[in-house]
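**Student:** One-letter residues, chain by chain:
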Amino acid sequence: MQVNSEFKPKIVAFCCNWCSYAGADLAGSSRLSYPADVKIIKVPCSCRVNPLFVLRAFEKGADGVIICGCHPGDCHYSTGNYYARRRMTLLFSMLDYLGIEKGRTRVEWVSAAEGVKFSTVMNNFVSKIYQLGENVKLGDLRCRK
Amino acid sequence: MQKIGVFVCWCGSNIAATVDVAEVVQAVKTQPGVAFATDYQYMCSEAGQSIIKNAIKEHDLTGIVVCSCSPRMHEATFRKTAQAAGLNPYMVEIANIREHCSWIHKDKNEATQKAIILANAAVAKVNLNAPLVQGESSVTKRALVIGGGIAGIQTALDIAEAGYEVDIVEKEPTIGGKMAQLDKTFPTLDCSACILTPKMVDVAANENITLYTYSEVEQVKGFVGNFSVTIKKKARYVKEDLCTGCGECMSKCPSKKGKDEFNCGLNNRTAINIPFAQAIPNVAYIDAEQCIKFKTGKCGLCEKTCSANAIDYNQKDEIIEREYGAIVMATGYEPIKLDKFDEYQYSKHPDVITSLELERIMNAAGPTGGTLLKMSDKEHPHSVTFIQCVGSRDISGRGKPYCSKICCMYTAKHAMLIRDKYPDVEVNVFYIDVRTPGKNFDEFYRRAVEEYGVNYIKGQVGKVYEKDGHLVVQAVDLIANKQLVLDTDMVVLATAIEPSKTARDLASMLTASIDTNDFITEAHPKLRPVESPTAGIFLSGVCQGPKDIPETVSQAGAAAAKVIGLLAKDKLLTNPCVAHSDELLCNGCSQCEKVCPYGAISYIDKEVNDHGVRETRRVAQVNEALCQGCGACTVTCPSGAMDLKGFTNRQIMAEVDAICK
Chain A
1 MQVNSEFKPK IVAFCCNWCS YAGADLAGSS RLSYPADVKI IKVPCSCRVN PLFVLRAFEK
61 GADGVIICGC HPGDCHYSTG NYYARRRMTL LFSMLDYLGI EKGRTRVEWV SAAEGVKFST
121 VMNNFVSKIY QLGENVKLGD LRCRK
Chain B
1 MQKIGVFVCW CGSNIAATVD VAEVVQAVKT QPGVAFATDY QYMCSEAGQS IIKNAIKEHD
61 LTGIVVCSCS PRMHEATFRK TAQAAGLNPY MVEIANIREH CSWIHKDKNE ATQKAIILAN
121 AAVAKVNLNA PLVQGESSVT KRALVIGGGI AGIQTALDIA EAGYEVDIVE KEPTIGGKMA
181 QLDKTFPTLD CSACILTPKM VDVAANENIT LYTYSEVEQV KGFVGNFSVT IKKKARYVKE
241 DLCTGCGECM SKCPSKKGKD EFNCGLNNRT AINIPFAQAI PNVAYIDAEQ CIKFKTGKCG
301 LCEKTCSANA IDYNQKDEII EREYGAIVMA TGYEPIKLDK FDEYQYSKHP DVITSLELER
361 IMNAAGPTGG TLLKMSDKEH PHSVTFIQCV GSRDISGRGK PYCSKICCMY TAKHAMLIRD
421 KYPDVEVNVF YIDVRTPGKN FDEFYRRAVE EYGVNYIKGQ VGKVYEKDGH LVVQAVDLIA
481 NKQLVLDTDM VVLATAIEPS KTARDLASML TASIDTNDFI TEAHPKLRPV ESPTAGIFLS
541 GVCQGPKDIP ETVSQAGAAA AKVIGLLAKD KLLTNPCVAH SDELLCNGCS QCEKVCPYGA
601 ISYIDKEVND HGVRETRRVA QVNEALCQGC GACTVTCPSG AMDLKGFTNR QIMAEVDAIC
661 K
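Protein chains in written order, with our numbering: chain A, 1 to 145; chain B, 1 to 661.
Hints may be right or wrong, so weigh each one.
Said to hold, decoys possible - Ranges of calculated distance between the beta carbons of each label pair, as one might list FRET restraints:
#1 A:G133 <-> B:L478: 43 to 53 Å
#2 A:S30 <-> B:D605: 53 to 63 Å
#3 B:K80 <-> A:R31: 39 to 49 Å
#4 B:E261 <-> A:S33: 40 to 50 Å
#5 B:A22 <-> A:Q131: 29 to 39 Å
Note that these hints are calculated values from the structure, not bench results.
Note that the Cβ used here is the ideal one computed from N, Cα and C, for glycine as well.
Work out the full structure: start from the sequences and follow the hints.
**Tutor:** Following this line, the structure appears as structure tokens:
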């Protein structure tokens with residue numbers, strides 16, 4: 001697949017405060033690099049991520065959205081990540097149906113101790129987005145010329 | 001319209017070397033709402049904080065963004081700074097341009113552009129921030145310590161000494177933990193029991209300490225200052241208040257085939273048992289699975305023997321509910337199971353033992369009365385071979401990737417003790433590296449080599465096998481670069497240690513973070529090493545990472561100090577970032593109530609004024625003292641009535657917009 005060297009993807013990563021945001025901090029303090037295309041938004045829990053936020057990101061031109069939370073069973077709020085997992089499974093199927101390929105969306109569990117995993121996950125995700133190329137903005141096709 | 005100040009930190013060269021801070025300042029100035037922007041070498045310093053305070057006053061700022069390190073590091077600092085200048089502390093947002101930007105990117109332009117976007121996102125968010133006020137909650141002035149090893153004992157004693165009540169929950173019938181099983185301790189070679197048992201007695205004697213032995217934590221509810229814990233006290237079938245610990249029952253008990261756990265299963269114990277002579281409490285318990293009375297209904301010898309009438313076969317498990325302000329995890333460790341290390345013949349040959357088993361053999365109260373004997377024929381060995389790093393520093397997946405930290409030192413101790421007591425015994429130690437950081441540790445190891453003539457051989461053991469009635473060790477000597485085949489009588493495996501099996505379940509109950517090796521994660525690896533990220537949960541001892549006794553004791557004291565600091569407060573400030581329902585939008589569907597893990601949402605009938613129409617509606621109401629601010633309800637709410645303060649839908653959307661611009 002041809003990779004457009006000019007293409008700079010916009011990637012939104014929602015990270016829960018207790019595990020994944022701390023995991024990203026650990027990746028930082030361990031100097032484990034991943035592409036600068038990833039921008040992190042802190043949320044208290046992965047269950048705070050409203051499907052509307054994901055839709056909003058794609059509507060505004062995001063090329064990929066990843067949601068990171070605590071491992072199943074380790075949620076700071078006991079059950080939040082289970083809600084996130086169910087909601088996102090449904091949402092991602094719907095987005096796939098709308099033309100936003102499954103590779104552009106992902107849910108990952110990264111604990112506060114997994115700096116290495118955070119960096120690996122982001123590197124994999126970004127390279128997948130590079131493969132898929134620029135996203136078609138989510139919008140009403142009828143309004144397009 | 002907000003008037004926002006943006007403060008970009010250099011963090012010395014940590015940020016400034018990869019991010020052009022001046023460019024970030026120029027870029028954010030164009031953002032809506034930004035009234036002031038500047039940069040400084042160290043924003044967190046006194047001088048940096050003054051810059052922020054002065055700017056807030058001078059420019060009448062209504063919100064600030066600090067572009068600096070992670071909010072986990074200095075969000076609290078900058079909130080205090082804002083508060084000192086008269087600004088609501090929740091009008092502060094942090095753009096993490098160090099951990100999430102400068103430290104992970106090398107290209108300066110790329111990092112600068114990312115920093116600008118992160119700053120813009122924070123500005124977009126703070127534009128929508130609203131002042132929040134912290135609530136107050138009470139503090140139950142009692143602490144719970146889970147685990148009664150040296151870590152739990154020290155923490156409990158220190159808290160009790162400060163005048164607060166402490167409960168210890170220990171799953172075994174006695175406190176003491178692993179330290180009670182040890183013979184001598186490095187690097188001083190003083191006897192473990194001699195320094196531990198007085199502390200155990202202190203625990204029993206302290207009026208502020210309540211002991212729950214043979215007990216387990218079943219359930220934990222609540223939050224910092226207000227935990228509610230269910231403890232299951234397993235039936236001992238012996239009345240604790242009547243038993244005098246005389247041991248008469250043990251001498252009469254006919255069921256003698258139980259594995260003595262305290263002696264690592266090297267010998268047998270009776271069904272009614274006191275683990276060791278100095279047990280606290282010095283009270284017997286009956287192993288119901290082994291007891292003839294429980295299995296057949298006949299026997300009852302112990303009941304007949306007991307002059308104190310302490311035996312009670314009908315005793316039931318007891319459920320105890322207690323309230324606590326703080327909880328300390330001190331769950332300790334276990335040596336790993338060696339079933340994946342067949343090459344050492346551990347499960348097949350009785351003369352291949354673990355280091356903890358050797359501790360019991362060397363101990364005067366142990367199965368051999370302190371005489372070094374081969375377990376196979378009870379004969380004196382002429383050669384003992386130690387193998388280090390069995391399962392430690394193992395990246396093959398069979399063992400543990402980390403260094404168990406204590407094995408180098410205890411192996412030196414064992415080698416020295418054997419050579420001291422039995423100069424005729426040849427001692428070889430196979431090692432990968434000898435690690436001896438610690439006060440007087442390297443001196444100790446050198447003594448083992450130089451004064452006691454222990455042979456240290458750098459190299460790994462490939463296999464151990466039996467030949468002509470004795471053991472053969474096949475290994476490589478890396479320094480001499482040759483294969484070795486050594487005859488030996490005993491092999492001692494320095495087995496890796498892992499967190500207690502109970503740690504993971506407890507961590508889930510306490511919602512404390514845990515790492516992939518089941519060690520409990522600390523709030524900050526350097527600056528908050530004894531606290532869990534979950535408020536009110538503290539860490540003591542090996543549950544946080546491998547430690548020797550001096551380190552465990554110092555960490556236990558540190559955890560106690562943190563607990564005392566918490567219990568000394570009469571009121572705690574609560575997190576104001578809680579859910580809030582817009583009663584005009586709420587349709588009373590109860591969806592939010594169902595997903596709330598804290599039972600913080602209830603429904604009330606309330607008279608509302610909906611654009612001039614007055615009517616009584618069933619609406620959701622959030623109990624702010626119970627809400628922990630996860631946000632599960634906000635997403636579940638079908639009508640968009642539920643929102644989370646500090647992380648509102650509009651705030652997060654504004655961040656998304658800024659990033660995708």
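**Student:** Now look at each hint and say whether the structure bears it out.
**Tutor:** Hint by hint, here is what the structure shows:
1. A:G133 <-> B:L478: 43 to 53 Å: Between A:G133 and B:L478, where Cβ atoms are some 52 Å apart, the hint holds.
2. A:S30 <-> B:D605: 53 to 63 Å: Cβ of A:S30 to Cβ of B:D605: about 54 Å, so the range 53 to 63 Å holds.
3. B:K80 <-> A:R31: 39 to 49 Å: Roughly 29 Å apart at Cβ, these two residues miss the hinted range, so it is violated.
4. B:E261 <-> A:S33: 40 to 50 Å: Holds: the Cβ-Cβ distance is about 49 Å, inside 40 to 50 Å.
5. B:A22 <-> A:Q131: 29 to 39 Å: 36 Å, holds
Checked against the numbered hints given earlier, the structure breaks only hint 3 and satisfies all the rest.
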